[in-house]
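K.L.:
The opening position of the sequence shown corresponds to residue 826 in the working numbering, with each subsequent residue numbered one higher.
Calculated from the structure, these hints are not laboratory results. Even glycine gets a Cβ: it sits at the ideal position worked out from N, Cα and C. Watch out, some of these pointers could steer you wrong.
Computed Cβ-Cβ distance ranges for the label pairs, DEER-style [to be verified]:
id, residue 1, residue 2, range
1, Arg859, Val1244, 33 to 39 angstroms
2, Pro982, Leu951, 20 to 26 angstroms
3, Leu1068, Gly1216, 32 to 38 angstroms
SDA-like mimics (lysine to any residue), calculated; alpha carbons at most 25 angstroms apart, straight line [what the hints assert, rightly or not]:
id, residue 1, residue 2
4, Lys1123, Asp1210
5, Lys1123, Arg863
6, Lys1123, Gly1139
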Amino acid sequence: MSPASTGASAATLPGALSPSSPSAADRRLRPGDRAFRRANLALFAAGVATFVLLYSTQGLLPILSADLDLTPGQASWTASAATLGLALALLPASALSDRYGRTAVMTASIASAAVLALALPFAPDLTTLVVLRVLQGAALAGLPATAMAYLAEEVHPSALASAMGLYVAGNSIGGMSGRLVSGWAAAVWGWRWGLAVSALLALLSVLAFRALIPAARNFTPAPVDARALARTVGGHLRNPLLLRLYALGLLFMAVFGAVYNTVGYRLVAAPFDLPQSVAASIFVVYLVGTASSAFAGKLVGRLGRRGTLYAAIGLTTAGLLLSLSGSLAAALTGLVLITAGFFAGHATASSAVGRTATTGRAQASALYLIAYYLGNSLGGTIGADAYHATGWSGAAAVGLSAMALAAGITLYATRRAAVERRALATAR
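Let the hints inform the model, and build the full structure from the sequences given.
P.N.:
Below, the structure is given as structure tokens:
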């Protein structure tokens, strides 16, 4: 994919620094700086809190189905509702971060979502649980897009991919921890206690984030202007590279939602018949995502962005095909490959958004995450319904379709870049 210019320099950003200024370069956080390490750890903790809360019900879906007499599709709404609420609130939250500051909005976001988490164990029925999850997702919206904008503004471009990779790694640790602790607690005491334990883990992560996050150095508050926001969003939506990155985020996340909303059902059913406590432990596979997302930045340096995306698509596709096997070992190996490919693809696409957008970075990141979380809601719901209708092959088919589309988008970008290079060579 060849970067498309937005027609503005980085100096037009609120609080942005001229790339030619030596003092500006000195203010950007670099590896080796104490503040760089603190920022990475803080955003890691924020990622943990966000994904503990966002996916707190996903590891509980079979228990919820049994306790509340729900189909997989109905139960999956407790996971999809949170990502849907998050997607709907992302743009307003990103505008607030331009006005009130990145760190203030991130803190308010994860703190309020953690407080809402304390109410989830007392939900009397599915409707109440889904409504609370929508509100919780909306509360979380201030963290993801703002975190990406914070890193893009505060971290030197040479270290942005690795910093973004570590942030995504925190997401994977949070996703794993939330599913593991809630699943284990639910297996012993029921799903309400599973949600309570997730809330406690998230609160601890919120405290760590607040203690570690450095103050923003390169941010200048800007008034919330609805017309300016609409112009910024419109500009991003006319940027072909950003549109491709948004589509890739949606498609990778559709695979993730389809697989992880249904894998618990598959493991506790025939032919595997695993106990719920053992099935919940499958989310330790997230450690693979932690490694692959952190490694994605290095891989981009070796293969380029498109090369890394091809590798991520290939890994995910191979994992989906392998997961169709009736062997437990093969199915688990497939899940490892799916997870590694997904996180590598997401880390690559999300870091490219931060580098492509030269103005309105918070809004560019918000649009990426809107597509990303809509992909989760769509993939999770469609995948659960497909699983209910035809079993695991249906859920895998949803994922394979998404990866076929992602490959087509990346191939189109590769061919377009080749045409542009030939045209440039001819012009010279």
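K.L.:
Take the hints in turn and mark each one as holding or not.
P.N.:
A quick look at each hint next to the structure:
no. : hint                                  : in the structure
1   : Arg859 / Val1244: 33 to 39 angstroms  : violated (46 angstroms)
2   : Pro982 / Leu951: 20 to 26 angstroms   : violated (46 angstroms)
3   : Leu1068 / Gly1216: 32 to 38 angstroms : holds (35 angstroms)
4   : Lys1123 / Asp1210                     : violated (38 angstroms)
5   : Lys1123 / Arg863                      : holds (21 angstroms)
6   : Lys1123 / Gly1139                     : holds (18 angstroms)
Figure legend: structure checked against the earlier numbered hints; hints not met, in rising order: 1, 2 and 4.
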